[in-house]
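Novice: Sequence:
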Amino acid sequence: MLQENAEKPNDVTFLGVLSACSHGGLIGESRRYFDIMTRDYNIQPTIKHYGCMVDLLGRAGLVEDSYNLIYNMPIECNAIVWRTLLAACRLHGKVELGDKVRKHLLELEPYHSSDYVLLANMYASAGQWNEMSKERRSMQERKVKKPEPGNSFIDSL
Numbered sequence: 001m002l003q004e005n006a007e008k009p010n011d012v013t014f015l016g017v018l019s020a021c022s023h024g025g026l027i028g029e030s031r032r033y034f035d036i037m038t039r040d041y042n043i044q045p046t047i048k049h050y051g052c053m054v055d056l057l058g059r060a061g062l063v064e065d066s067y068n069l070i071y072n073m074p075i076e077c078n079a080i081v082w083r084t085l086l087a088a089c090r091l092h093g094k095v096e097l098g099d100k101v102r103k104h105l106l107e108l109e110p111y112h113s114s115d116y117v118l119l120a121n122m123y124a125s126a127g128q129w130n131e132m133s134k135e136r137r138s139m140q141e142r143k144v145k146k147p148e149p150g151n152s153f154i155d156s157l
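Start counting the sequence shown at 1; every next residue gets the next number (full-length UniProt numbering).
Rather than coming from a laboratory, the hints here were simulated on the basis of the structure.
Incorrect hints may have been included.
To be verified - Distance windows between CB atoms, simulated:
1. 80 <-> 24: 18 to 28 Å
2. 114 <-> 39: 12 to 22 Å
3. 40 <-> 72: 19 to 29 Å
4. 72 <-> 99: 19 to 29 Å
5. 140 <-> 25: 35 to 45 Å
6. 12 <-> 109: 22 to 32 Å
7. 73 <-> 121: 20 to 30 Å
8. 8 <-> 129: 52 to 62 Å
9. 96 <-> 138: 15 to 25 Å
10. 39 <-> 140: 46 to 56 Å
11. 107 <-> 130: 36 to 46 Å
12. 93 <-> 25: 14 to 24 Å
Heads up, the beta-carbon is just placed ideally off N, CA and C, and yes, glycines get one too.
Full structure from sequences and hints, please.
Specialist: Shown next, in the form of structure tokens:
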């Protein structure tokens, strides 16, 4: 990755590398760069670095590894990273783990509509129609509304 004469990478450099690894499905490489970042360059991972790793592991179907990474992070996890894991749970049918993630999201952002939609879709994908209905009802009872769809236009000359 780096040559002796090259500039030393910073946290943003590694964020780009980890993001590229995530989208390329390069699990081993991302773990190696994550270790290099901390060990060789003494760069402490931020929530964004951990988010890239959670996304990578989730995309690869390593959803439990993703959860363990969050659980063992030395910094507090935010709703965005939990939501990333929830999306992976939905994608890979990990309903039990999705239920655990749900609790964290409800503590952090109880009125975020996309969490309810992700959960309902996860239950529907697993054929758990009662749970899906409960999630929809919970959304209605809490008066959580989906945002209005955005509108845009292009003004032509």
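Novice: Provide an ascending list of the numbers of those earlier hints which the structure does not satisfy.
Specialist: Violated: hints 2, 11.
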